[in-house]
Structure formats: structure tokens, C-alpha cells
Amino acid sequence: MNQIIKLSDNAANRIKEIMAGVESNSVGVRVAVKSGGCAGMSYVMEYAKKINPNDEVIEDKGVKVFVDAAAVMYLLGTEMDYKKEEFSSSFVFNNPNESERCGCGESFKV
Numbered sequence: 001m002n003q004i005i006k007l008s009d010n011a012a013n014r015i016k017e018i019m020a021g022v023e024s025n026s027v028g029v030r031v032a033v034k035s036g037g038c039a040g041m042s043y044v045m046e047y048a049k050k051i052n053p054n055d056e057v058i059e060d061k062g063v064k065v066f067v068d069a070a071a072v073m074y075l076l077g078t079e080m081d082y083k084k085e086e087f088s089s090s091f092v093f094n095n096p097n098e099s100e101r102c103g104c105g106e107s108f109k110v
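Using the working numbering, you'd call the opening residue of the sequence shown number 1 and step up by one each time.
If you're looking for bench data, these hints aren't it; they were derived computationally from the structure. C-beta atoms are modelled at their ideal positions from N, C-alpha and C, and glycine is treated no differently. Treat the hints with caution; some may be incorrect.
In silico lysine-lysine, BS3-like type, Cα no more than 25 Å apart, as pairs [as the list claims (entries may be wrong)]:
(1) Lys-16 - Lys-50
(2) Lys-64 - Lys-84
(3) Lys-16 - Lys-61
(4) Lys-6 - Lys-61
(5) Lys-6 - Lys-109
Taking CB as the label site, the calculated pair distances span [said to hold, decoys possible]:
(6) Phe-87 - Glu-17: 17 to 27 Å
(7) Glu-59 - Asn-94: 15 to 25 Å
(8) Asn-25 - Glu-86: 32 to 42 Å
From just these sequences and the hints, can you work out the full model?
What follows is the structure, encoded as C-alpha cells:
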């Protein structure tokens, strides 16, 4: 079975940096999807304090990413990247399931 999310080297390295600086009660990073934004849905990233029974666990390039069960169908085949620009840096989701993305890039529709 293919992984739900693939991590770029930049994303994996950034997650390693983040996790190294976090108190030890976090077990990884969770990715979820929530309703909202001008296109209808947006990506959510948070520290995972525990593994939820329905989480999909992605282990890639030495890091663990937990995918919220409700987000799996929206994220299949997505590549998670980390882009650093002059004035900002952020995780970017390259999602083949998106049919529309808002102009600011904060939300999407499938």
C-alpha cells in the first residue's frame, strides 16, 4: 500500500528540528484537515501528545507523522514539503486531490 503522505527531505528535516526543541511529551506531529477558509478546507498541523487509535502512522525519513483518520481520504498521495523564503517559511502540501485552492493558499477543495 502506498503511503498516505510522502515527506520531502526538507519537511523531514524541519520536523526533526521541531521535535528536537519540543518537550518530550510529544510523540510526533499530527496532520489533520478542518472545515474553513475560502475554498472550504484547510490543513492543520499540531504536536501529537499521544497516538489516537484511528491515526494512520507514517514513518518516513526518520520521523513520525500521524494522520487524523478523518483526513486520510483528503490526503492520499500528498507530498508534504517545507519551503523557506526570504520573509516566511512554512509546510506546503502538494495534494493531487485538490480541485481548487484559494488565492492565499490557506485552504483547498477536493
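Taking the hints in turn, this is what the structure says about them:
Taking the CA atoms of Lys-16 and Lys-50, the gap is near 17 Å; set against the 25 Å cutoff, the hint holds. Restraint check for Lys-64 and Lys-84: satisfied, since their Cα atoms lie roughly 21 Å apart, inside the 25 Å limit. Distance restraint check for Lys-16 and Lys-61: the Cα-Cα separation of roughly 10 Å lies within the 25 Å cut-off, and the hinted pair is therefore satisfied. Pair hint Lys-6 plus Lys-61 holds up; C-alpha atoms about 9 Å apart against a cutoff of 25 Å.
A threshold of 25 Å between alpha carbons decides the hint, and for Lys-6 with Lys-109 the separation of about 20 Å falls inside it, so the pair holds. For Phe-87 paired with Glu-17, a C-beta distance near 19 Å keeps the hint of 17 to 27 Å intact. Glu-59 and Asn-94 have their C-beta atoms about 20 Å apart, which keeps the hinted 15 to 25 Å range intact. A beta carbon spacing of about 34 Å between Asn-25 and Glu-86 agrees with the range 32 to 42 Å that was offered as a hint.
The structure agrees with every numbered hint stated previously.
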